[in-house]
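*Asks:* Read off the chains here:
There are 2 protein chains.
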Amino acid sequence: MKYVYLFSEGDASMRELLGGKGANLAEMTKIGLPVPQGFTISTEACTKYYEDGKQINDSIMAEIMENIVKMEEITGKKFGDLENPLLVSVRSGARASMPGMMDTILNLGLNEEVVKVMAEKSGNARWAYDCYRRFIQMYSDVVMEVGKKYFEQLIDKMKEEKGVKLDVELTADDLKTLAEQFKAEYKAKIGKDFPSDPKEQLIGAVKAVFRSWDNPRANVYRRDNDIPYSWGTAVNVQAMAFGNMGDDCGTGVAFTRDPATGEKKLMGEFLTNAQGEDVVAGVRTPMPIAQMAEKFPEAFAQFENVCKILEDHYRDMQDMEFTVEHGKLYMLQTRNGKRTAAAALKIACDLVDEGMIDEKQAVLMIDPRNLDTLLHPQFDAKALKDAKPAARALGASPGAACGKIVFTAEDAKVWKARKEKVILVRLETSPEDIEGMKASQGILTARGGMTSHAAVVARGMGTCCVSGCSAITNFNEEAKTFELAGKTYKEGDVISIDGSTGNIYDGAIPTVDATISGDFGRIMAWADKYRALGVRTNADTPKDAAKARELGAEGIGLCRTEHMFFEGNRIDAFREMICSDTVEEREAALNKILPMQQGDFEKLYEALEGNPVTIRFLDPPLHEFVPTSEYDIEQLAKAQGKTTAQIKAIIASLHEANPMMGHRGCRLTVTYPEIAKMQTRAVIRAAINVQNRHPEWKVVPEIMIPLVGEAKELKFVKGIVVATADEEIALAKSDLKYEVGTMIEIPRACITADEIAKEAEFFCFGTNDLTQMTYGFSRDDAGKFLTAYYDTKIFENDPFAKIDQNGVGKLMDIAVKLGRGVRENMHCGICGEHGGDPSSIEFCHKIGLSYVSCSPFRVPIARLAAAQAQLKNPRN
Amino acid sequence: MKYVYLFSEGDASMRELLGGKGANLAEMTKIGLPVPQGFTISTEACTKYYEDGKQINDSIMAEIMENIVKMEEITGKKFGDLENPLLVSVRSGARASMPGMMDTILNLGLNEEVVKVMAEKSGNARWAYDCYRRFIQMYSDVVMEVGKKYFEQLIDKMKEEKGVKLDVELTADDLKTLAEQFKAEYKAKIGKDFPSDPKEQLIGAVKAVFRSWDNPRANVYRRDNDIPYSWGTAVNVQAMAFGNMGDDCGTGVAFTRDPATGEKKLMGEFLTNAQGEDVVAGVRTPMPIAQMAEKFPEAFAQFENVCKILEDHYRDMQDMEFTVEHGKLYMLQTRNGKRTAAAALKIACDLVDEGMIDEKQAVLMIDPRNLDTLLHPQFDAKALKDAKPAARALGASPGAACGKIVFTAEDAKVWKARKEKVILVRLETSPEDIEGMKASQGILTARGGMTSHAAVVARGMGTCCVSGCSAITNFNEEAKTFELAGKTYKEGDVISIDGSTGNIYDGAIPTVDATISGDFGRIMAWADKYRALGVRTNADTPKDAAKARELGAEGIGLCRTEHMFFEGNRIDAFREMICSDTVEEREAALNKILPMQQGDFEKLYEALEGNPVTIRFLDPPLHEFVPTSEYDIEQLAKAQGKTTAQIKAIIASLHEANPMMGHRGCRLTVTYPEIAKMQTRAVIRAAINVQNRHPEWKVVPEIMIPLVGEAKELKFVKGIVVATADEEIALAKSDLKYEVGTMIEIPRACITADEIAKEAEFFCFGTNDLTQMTYGFSRDDAGKFLTAYYDTKIFENDPFAKIDQNGVGKLMDIAVKLGRGVRENMHCGICGEHGGDPSSIEFCHKIGLSYVSCSPFRVPIARLAAAQAQLKNPRN
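Residue numbers (the working numbering), protein chains in the order written: chain A, 1 to 876; chain B, 877 to 1752.
Please keep in mind that the hints were generated in silico from the structure rather than gathered at the bench. Mixed in with the good hints, there may be bad ones.
What the hints assert, rightly or not - With a straight-line Cα cutoff of 20 Å, these simulated EDC-like cross-link-like pairs (lysine to aspartate or glutamate) come out: (1) B/1591 with A/796; (2) B/1033 with B/1056; (3) B/1660 with A/624; (4) B/1669 with A/755; (5) A/810 with B/1689; (6) A/712 with B/1102; (7) B/1686 with A/754; (8) B/1588 with A/796; (9) B/1669 with B/927.
Said to hold, decoys possible - What follows is a list of derived Cβ distance ranges for each label pair: (10) A/632 with B/1521: 28 to 36 Å; (11) A/722 with B/1724: 39 to 47 Å; (12) B/1722 with A/632: 53 to 61 Å.
Cβ coordinates follow ideal geometry from the N, Cα and C atoms, glycine included.
Between the sequences and the hints, there should be enough to build the whole structure, so can you do that?
*Replies:* Right under this line is the structure:
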């Protein structure tokens, strides 16, 4: 097992082993670019370090020592040597780029003697001591975790004493004194002298980089970016090039194209007489890269040439770090640059037009998750720069919003009517809140996860939502107040929320509208050309359906009919149904709803223009529909000719200990077949009418039965549906076709999918519920312990956001195989929230699903992710 | 496909096809006993009848017709013939005997002409018209569903007119007139003439028998007795023998041994000049069978001989029906007789002693479920005879009890202290009620299923419990009243409940104590000799453990530690723990509990004498432990130096939408590792102490982590347990061994059992939770719809009582295979309530489990069921 590689031993293909930075340093070495040489300690060494209980084992240690010797030979310098001392930088470099997430140490190798010799031999004492004080500070901070601030205080004190404003104004002596003070500070804090042996320094630094893989901000970044903890980080040990040796030196970062717009022009910044971290830290204001052409014409020409070589080589926009030492260019890093979604689309299209890449490569180079930012309003980047979030919760539905706080759905509607922009803040939302949610700029909830009611509905509407903000305390709906980050918020206070990051800000942050360019259309067209998975949408209203069609949905994969029961006065009829004593009373109440639901379906079919529409029958437990306010209960009692006590007794009888596992889904049809009969009539009558109006379309409703766990259950419900549907079709003398299928969302349905497929004409995975039942996690309650699960690394991802492939996914795979074993070619889809998540979409592609269905604004993401899945793992 | 068999074509081995009655009629024919001949329409014909939409198809119809011709040849009589008319009985006969569950028709073949000829030719007009009026009545009732009562009213009217008391006093003319009246009644009710064609009559009767398979009482009986709906019933068409031709005729039923005690002597009853149904109907009082010896010496001698032949042949106690026609014996039925548990044990032992069967056969002939009645008090059989249940609910824990109603656990303790016998009636019970449950004779709950808290705890205590009585309405704990079957019950009212049948009676029914005979011990010893499965017990207290040991448990398979937190003042410390703000506070509170829990464990180890003890760490969500009363909240606030508002806020924060899928099980350890640390210390310290006191034992505690769904979760928790345990062991300089395993009770744990087995040293299936999660059914809520599921035959059994082999069982099988693939020979048990259910035990045996664990009083059942499983499906 080899754990350490010289730059000259690797290349760009070894990214998994060497990390992105290490692989690219090797690649640049290979193609002859000016790279200070060194070696990379592999990601596997990092994994081993953690396996060994955070120890670098003897064999890896020996390999590092060998490579130091090789490096000394290559550079002609030696660690601790008084003639020609070797100084190195030590930097992390994971497989996937994690900018700023882990730590860097420069100028390692310095000690009291070396710095003295360096000062003398270079005739540049200022430079030598500048390096030394930087090293002590970085090492103390990164390796020994002595806070930066102690050193910064010393610098500030020194500048004050010397009456100067900038670091560069400090003299060699000042810096020498500072280095002394730093070492004293180190000893005071650590209780030991600052290490003077360069090898000891190096091992300390390597361990610190390994350790930094597990720091909190790295963990959060990984979770946000789907980077597995198991990958580990590599460590790059590279000979120093010095940008701080004088005015003919400097350091810079640059992009080959504009990362904000994608425009093809060199972008970047350069700082004279400085080391890398100064540019980032903002100690002085760097110059735009164009000015470098004037000040360092030769180095700039070299650099321009390198940029061209690198872009041609990687065939992508590059993000580079470099240093100029006495006019000579040294490349310290290159990588495919991070970019905005708009820039990503433009760059991909431009590269195709420039003949650099083909369409497939263009499709593969866009991160589907970034498309979200194109489809929703975002915070103005400049305004955001200085904003500090008051709290962070789950980014449940993307986009940014700013408005006045309201506490109820009713208030949201009232305030909206008087032209106020509002953010609806709730403990959690329920179907009764939908109208108020529509009236809001954004939604913030104290409870609930990525598949909570608020999250799911907001994504459907394309409204920004931050959910599960446990930092909200003392939420008081009646007083209309809550507390957050030490402040009491009341109705009308302004907040801003970011549904992509989950950040919550006090006060107003201006937003900018969504913009979709022509490049978007080109990329989407290419994606559609290459994908194998169909893409449908989860839409309950004609408006959402139309939006989804516009964004490329090929059908409705999930229409949740329960939302239809809340509109207008339907809820009154539905409540009458619930509180009926006899089948006849129930049927009478349902008959009031029938024409309204039929009308809804007609509008949906019209919006879909003959494309498939999957309608899920009533799913939630009935108690979600009953009135809660005394007034509503009285109204209902009057309408039903009952006493309020009777109504309350009915409501109490609907109470369940665990409603998620209670009387819902197809279980409702088993006890109240008349509900399914009414829904069947509405679906079939609507389809016949629309088919008659549009003979050019082929309307084939897909009726989907939820929560089936046993074949006989589906057989029973299907029997009712088919008898009712066939009666309607015969009555209308129509030849309408329809399908009856089932949600697969109960573990038992997966395990017995062969039996179920005998009855079901299609499967659609309800991965929200399937995840709940497979884990035994309630999505409403999991928030209480998921944080602890992330902290202990039991979980790296929210299984409600990204399919758990080992568990839930295994059950899905079993179900598809068992189902198709009985009913070959049956169509199998997914309509859980995972249907809009790129990594989950790739999994769905692999197990052979026919389509994914997601909320309208995720349709483009799904189209792109589906294309990437097919390009990576082609299937028929 | 052959659907109809002459008696001469079958034998006893064809029970599945011919039903029990048909197979035995064929067998008796084969061994030359006097059996009126006929044919059997197979159980498959019944299945086909239902498949064909309740129609007898043409090919089966043709086969029936053919067999009528064959029967006519054999008997020399003919349907509708005026010389020698054939009359038949039509009876149901399922694979498993279902006494009284389905319907019978006698004297079929009679019509106006036939009866006239029969009257003339026999010179016994009274007999002929007696047969005719019986036939019309039975046919009208069974085939056409005209209620019996209309005919009984006519008989009563006739008897009144004639001034007689008994049917036998009616003359031929009276009976003839009655037959005319019956036919008129038939026409009035049905609107058609009574059918006169014997073949039409026969087909009507056959259909009626098939139909009777699906009547409500058959459905309930099947569910109570684990008989699948799919089996169907056969129909037996047999030539009539007439017990009603005069005083040299009669009919009787008899057992070869006493079905109540097992004593070896002929038991039975005989009725002169009567037909079969008269004995059952109690029209006249029959004579004891012994008297028959005097009145019918010849027939009795014949019958005694037949009894001997049948017992020798079947090697079991027989239950027979016979008819004497003019002094000649005809056998109409034989079957292995139903018997009490005590009789079953005695008969089995006697048969072994008589050399009739061997030990294995003895073990196989006892129904394990019957043992329950030996271990618990039962209602006095005589008193029960006249009692009509006020309602029926779930028989959740066997035994019978009678006492005064109390509404709270507290009251139960108070009343018990003043020597009152009480029945605790609750909506549902919670861990807080345990002391009160112990103080009660029996427990009745309005909610909850077979695995509800009340059911599980009561079974553990051996206390009678009826649960889920939805007939209880307006339960008012404060007013101490509830309504049931139209009556308002209040505190102190007497009720009686039967935890075996689920029956609830108004008023007192005396009970008789449990009695265990020496036969019990012999059978149990034989069972132990042949079983492959181990049998452990679920016990939380030394008392329960000792009881279970006495009943043969080989270890504790599940000690639920949560119950230990409720005793005495521990709950105060535990509540302090829950309401702590810091780890230190939590640890301080836990340290108060540690010595008490350690003491509990020591007593358990002592009770088990070195046999294995599996201790499950804290499982329920914390909100189950918090105080509910204002007073308790105030006390807790005082103890914690908090305000009641703060305590209430903490309690509110523990609220969960779906607690069954919430923050519980090992999830508690992930968030509060200190709880697991405390429990580990208690387990290990106790084990070391007991091991030191008893060096002759080998104490190896098995620590069981609940609710694991992911290997990393177990790895994390195990890490804490092992570190703590090893620290304790080192501190004590002990060499104690221990194991750390896991409950398998989450579907994901089954699917990823290979990963989990890398960490777990043993598996134990928690099939209560596994059933909940696999089906997505909350056991607390499923009661609302399970009835509808039984009615629609989606379910035939309660999956919480009997393992769902196709779903839950499949997951278990997957888990065992995956687990043992990684850790060969790892021990796998079951400790869900299914561990005490015979059919589930057989399944556990088949999938290779190491042991079952059940509540103490189910241990003998499990031992016997395990032996039967091994004898039926031997494994190594």
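*Asks:* Look at each hint and say if it fits the structure.
*Replies:* Results of checking the hints against the structure:
Between residue 1591 of chain B and residue 796 of chain A the CA atoms are separated by roughly 15 Å; this keeps the pair inside 20 Å, and the hint holds. Annotation: proposed proximity of residue 1033 of chain B to residue 1056 of chain B holds, straight-line Cα distance about 14 Å (limit 20 Å). The suggested pairing of residue 1660 of chain B with residue 624 of chain A holds, with an alpha-carbon distance near 16 Å, which does not exceed 20 Å. With a C-alpha separation of about 16 Å, the suggested pair residue 1669 of chain B and residue 755 of chain A falls inside the 20 Å cut-off, and the hint holds.
Pair hint residue 810 of chain A plus residue 1689 of chain B holds up; C-alpha atoms about 16 Å apart against a cutoff of 20 Å. With a CA separation close to 18 Å, the supplied pair residue 712 of chain A and residue 1102 of chain B stays within the 20 Å bound. A threshold of 20 Å between alpha carbons decides the hint, and for residue 1686 of chain B with residue 754 of chain A the separation of about 13 Å falls inside it, so the pair holds. This hinted pair checks out: residue 1588 of chain B and residue 796 of chain A have alpha carbons roughly 11 Å apart, not beyond 20 Å.
Taking the CA atoms of residue 1669 of chain B and residue 927 of chain B, the gap is about 14 Å. The hint holds against a cut of 20 Å. Roughly 30 Å separates the CB atoms of residue 632 of chain A and residue 1521 of chain B, a value that falls within the hinted 28 to 36 Å. Distance hint check: the CB atoms of residue 722 of chain A and residue 1724 of chain B are about 42 Å apart, consistent with the given range 39 to 47 Å. The supplied range of 53 to 61 Å is met by residue 1722 of chain B and residue 632 of chain A, whose beta-carbon atoms lie about 55 Å from each other.
When each numbered hint is compared with the structure, no violation occurs for any of them.
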